[in-house]
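Based on the hints, put chain Z in the right spot on chain D.
2 protein chains.
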Amino acid sequence: MKQLRIGLLGLGTIGSGVAKMLLKEGKRLSKKIGVELVLARIAEINVKRAQELKIPASLVTANADEVLTAPDIDVVIELIGGIHPAREFILKALNSGKHIVTANKAVLAAHGKEIFTTARKVGKCVTFEASVGGGIPIIAALRDGFVANRIESIFGIVNGTTNYILTQMTSAGARYEDVLAEAQRLGYAERDPSSDVEGHDSTNKLAILAKVGFGVNVDATKIHREGIVDVQIEDINDARGMGYTLKLLAIGKRGKKLDLRVHPTLLPQKHPLAAINGVFNAICVTGDPVGETMLYGRGAGQQPTSSAVLADVVDIALGRAQVTFRSLDTFADDSPPARLLDIREITCRYFLRFTVIDRYGVLAKICGIMGKYRISIASIVQPERRNGNTVPMIMMTHQANEGAMRKALGEIDRLDVIKKKSRFLRVES
Amino acid sequence: MKQLRIGLLGLGTIGSGVAKMLLKEGKRLSKKIGVELVLARIAEINVKRAQELKIPASLVTANADEVLTAPDIDVVIELIGGIHPAREFILKALNSGKHIVTANKAVLAAHGKEIFTTARKVGKCVTFEASVGGGIPIIAALRDGFVANRIESIFGIVNGTTNYILTQMTSAGARYEDVLAEAQRLGYAERDPSSDVEGHDSTNKLAILAKVGFGVNVDATKIHREGIVDVQIEDINDARGMGYTLKLLAIGKRGKKLDLRVHPTLLPQKHPLAAINGVFNAICVTGDPVGETMLYGRGAGQQPTSSAVLADVVDIALGRAQVTFRSLDTFADDSPPARLLDIREITCRYFLRFTVIDRYGVLAKICGIMGKYRISIASIVQPERRNGNTVPMIMMTHQANEGAMRKALGEIDRLDVIKKKSRFLRVES
Chain D
-5 MKQLRIGLLG
5 LGTIGSGVAK
15 MLLKEGKRLS
25 KKIGVELVLA
35 RIAEINVKRA
45 QELKIPASLV
55 TANADEVLTA
65 PDIDVVIELI
75 GGIHPAREFI
85 LKALNSGKHI
95 VTANKAVLAA
105 HGKEIFTTAR
115 KVGKCVTFEA
125 SVGGGIPIIA
135 ALRDGFVANR
145 IESIFGIVNG
155 TTNYILTQMT
165 SAGARYEDVL
175 AEAQRLGYAE
185 RDPSSDVEGH
195 DSTNKLAILA
205 KVGFGVNVDA
215 TKIHREGIVD
225 VQIEDINDAR
235 GMGYTLKLLA
245 IGKRGKKLDL
255 RVHPTLLPQK
265 HPLAAINGVF
275 NAICVTGDPV
285 GETMLYGRGA
295 GQQPTSSAVL
305 ADVVDIALGR
315 AQVTFRSLDT
325 FADDSPPARL
335 LDIREITCRY
345 FLRFTVIDRY
355 GVLAKICGIM
365 GKYRISIASI
375 VQPERRNGNT
385 VPMIMMTHQA
395 NEGAMRKALG
405 EIDRLDVIKK
415 KSRFLRVES
Chain Z
-5 MKQLRIGLLG
5 LGTIGSGVAK
15 MLLKEGKRLS
25 KKIGVELVLA
35 RIAEINVKRA
45 QELKIPASLV
55 TANADEVLTA
65 PDIDVVIELI
75 GGIHPAREFI
85 LKALNSGKHI
95 VTANKAVLAA
105 HGKEIFTTAR
115 KVGKCVTFEA
125 SVGGGIPIIA
135 ALRDGFVANR
145 IESIFGIVNG
155 TTNYILTQMT
165 SAGARYEDVL
175 AEAQRLGYAE
185 RDPSSDVEGH
195 DSTNKLAILA
205 KVGFGVNVDA
215 TKIHREGIVD
225 VQIEDINDAR
235 GMGYTLKLLA
245 IGKRGKKLDL
255 RVHPTLLPQK
265 HPLAAINGVF
275 NAICVTGDPV
285 GETMLYGRGA
295 GQQPTSSAVL
305 ADVVDIALGR
315 AQVTFRSLDT
325 FADDSPPARL
335 LDIREITCRY
345 FLRFTVIDRY
355 GVLAKICGIM
365 GKYRISIASI
375 VQPERRNGNT
385 VPMIMMTHQA
395 NEGAMRKALG
405 EIDRLDVIKK
415 KSRFLRVES
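One line per chain: the protein sequences are D and Z, in this order.
Just so you know, my numbering puts 82 at position 88 of the first sequence, and the rest follows in order with no gaps.
Just so you know, my numbering puts 39 at position 45 of the second sequence, and the rest follows in order with no gaps.
Note that these hints are calculated values from the structure, not bench results.
There could be a bad hint or two in this list.
Note: identical chains are not told apart, hence a pair may lie in one copy or across any two.
Said to hold, decoys possible - Below are the SDA-like pairs computed for lysine to any residue, each with C-alpha atoms no more than 25 Å apart in a straight line: (1) 414 to 342; (2) 42 to 85; (3) 14 to 264; (4) 25 to 313; (5) 14 to 57; (6) 216 to 171; (7) 26 to 39; (8) 21 to 247; (9) 264 to 50; (10) 14 to 171; (11) 21 to 85; (12) 401 to 339; (13) 18 to 271; (14) 42 to 331; (15) 21 to 280; (16) 21 to 331; (17) 21 to 328; (18) 21 to 211; (19) 18 to 144; (20) -4 to 317; (21) 26 to 313; (22) 21 to 223; (23) 414 to 81; (24) 107 to 247; (25) 14 to 251; (26) 25 to 323; (27) 26 to 211; (28) 115 to 24.
In isolation and in its complexed conformation, chain D is listed as follows (with noise of 0.2 Å):
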């Protein structure tokens, strides 16, 4: 039988549930597929971890070089996350003619273009079905199974903390700070949950999203970035009022310019994404012929994205892996850099929440202000819900342009029965 032999960096959550996969399941896998999987070696720094997970000792080294540059390996699987060293580790595994399968967002984002680019030279693949959406196959679906599309918009939850965080807010109707306290004590959250809660993931997997799904080369700093971590209490509870639950979304849209952003966003409690709870994950790509369609499951941890490095180890012991990314130019030397709009000039639907003084006439001074932004009012609703001489008044607006948005609010909030900034939340639908 065929062998490929397999390097592993890393015996974090994944590396280590990858490990035990190859372990335990290997042979079976190996059967089904007519390649003998072989796990050949791994390195970990703390070499004590593999002595907890009962991993054999004679399998790990503290040395990534013996996995990098070692004759005896086909493809390193890269499980140690963040920029560096995995930048340089890849491109050394590369280098030494070693395939690549990456869970790792955050190098993608940041260095997909040089990976890429150095794997083409050598005649290496690199797969990352594991970098976005855990166990959700939404790479292959994007690449293969919507090949023949024109993708029109690639749009979902792609953070699970997050998405645990807001929906933990919206049951229990508790705080953003409580709720991140009990994630982090759950494991949920990390001890520093900034590249989740600011929203720095989910940009970074939208930027790949964007490159698969629309061929473009993204900078994902460049992109609108919003987090939860200003997201109140009041937000989803009279977004609820109104019928629409509050998620954090990654949204891509192509037009003109390509429309890319990350930020809190109220859905109409009916839409499918509007259901995904807890730590999972959906995205929906739409596409032409195809139409709507959404891919649901656990977007992390150590299990679901387990099953997604894996399939890209199959996809490279059968040899279609390399036709593929031969073939079908992801992350491309030539694919144009991303034209994207500023987020001045989307159009989107907006929620708004004024804190107003409590009298007569305050209502007309805003709508006259909203209508001199050429901003149409959807609806307005008062909750009773007086704070001294100030009650909130919730407004939703038609579809209109953020920067007239901004510009009307700027001087909204300058008006003297304006007691505190007023907040506003864009609506997808």
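Just chain Z, lined up with the frame of chain D:
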């Protein structure tokens, strides 16, 4: 540039969509994949159809052999549907050295083994992404994306016509017969709707999903099948009152024996499948290690199905489908025949509606019989809905064995206080 020369069988709804896509988008797609896709010939008995569709007459023949045995054709796309002559055409094309792309669930369910064995014998491949779930890449997901998984269950809504009818009954409170007539008028149901409404289409698709996901040969005619023709508006309304939605589900669960069945099923309103409305399809796959997943999209129709057909064509053009077919023995000659659970062996929760005389002591009699058969009751509701001297009584059970349930119902229906055959529906969660 390498060429792939394509012959098309049938210019029906799907065939004309594929022809138009190849003629209109073929160049763009060829450039993307590096292989020129050439629509070489179309066989269609009704040659006028080509004229109506503005397809060059030079491409069209009424003689199928000019596609099936033509030396200048590499792949035959079979889109005539039905079992005969589709089976004979596919076998002839394979024996003439063509690869096959098909959307034909009926012929695969009935003659899949013969077709796949022939293909392996002649060294060609058969692809069938479009046979289940329209544009949803479910076959690829089961076969490739989840290749490392032990698939535990596959269940979902795989028939758009019946889902449209049930959705309309639910939202408009309309009767089955009226909604069916409307669906026929709108083209969502065929003039002879039996394949859809009696569940044959769903059992064929379930047989295909079970073959790919569980690796067993399934005789689709052995799958327990109940369509939607007996669904009453009271079923839907009473279920809604208890927080459930009625869907026609194709259910597959791995166990000592395989549990395969198609029947109207109650789902909790919060279940992701409960929100799948109209002609959409959605399939949930649970695997180890991936966990719960769901794929959603338009399950039928010209455009989505064309997307899946062309994905298969690309897979063959790149040479990947051939590798997949050789390596991952879908419909393998030696895959074991499925050992199916008899419907009396299954276990699930049940929704029951009794039509009883409104008299003290009735409930005690019913509960007594249920207890005798060890069926435990979760809740009882008596809606205010008198009909002469009878009233309905709604019951939800805990997990129970279907054989016991049927015996209990037989005994209950012989009570003199029961005035109509009792209704039962299975519940999944």
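Comparing the hints with the structure gives:
no.	hint	result
1	414 to 342	within (24 Å within a copy, 55 Å between copies)
2	42 to 85	neither (27 Å within a copy, 59 Å between copies)
3	14 to 264	neither (40 Å within a copy, 34 Å between copies)
4	25 to 313	both (16 Å within a copy, 22 Å between copies)
5	14 to 57	within (21 Å within a copy, 57 Å between copies)
6	216 to 171	neither (28 Å within a copy, 56 Å between copies)
7	26 to 39	neither (33 Å within a copy, 42 Å between copies)
8	21 to 247	between (43 Å within a copy, 24 Å between copies)
9	264 to 50	neither (50 Å within a copy, 45 Å between copies)
10	14 to 171	neither (35 Å within a copy, 55 Å between copies)
11	21 to 85	neither (30 Å within a copy, 35 Å between copies)
12	401 to 339	within (13 Å within a copy, 67 Å between copies)
13	18 to 271	neither (31 Å within a copy, 41 Å between copies)
14	42 to 331	neither (45 Å within a copy, 47 Å between copies)
15	21 to 280	between (39 Å within a copy, 22 Å between copies)
16	21 to 331	between (44 Å within a copy, 23 Å between copies)
17	21 to 328	between (41 Å within a copy, 19 Å between copies)
18	21 to 211	between (39 Å within a copy, 23 Å between copies)
19	18 to 144	between (41 Å within a copy, 13 Å between copies)
20	-4 to 317	both (18 Å within a copy, 14 Å between copies)
21	26 to 313	both (15 Å within a copy, 20 Å between copies)
22	21 to 223	neither (46 Å within a copy, 47 Å between copies)
23	414 to 81	neither (45 Å within a copy, 72 Å between copies)
24	107 to 247	within (22 Å within a copy, 43 Å between copies)
25	14 to 251	neither (45 Å within a copy, 28 Å between copies)
26	25 to 323	between (31 Å within a copy, 11 Å between copies)
27	26 to 211	between (37 Å within a copy, 16 Å between copies)
28	115 to 24	between (30 Å within a copy, 23 Å between copies)
The structure shown violates the earlier hints numbered 2, 3, 6, 7, 9, 10, 11, 13, 14, 22, 23, 25.
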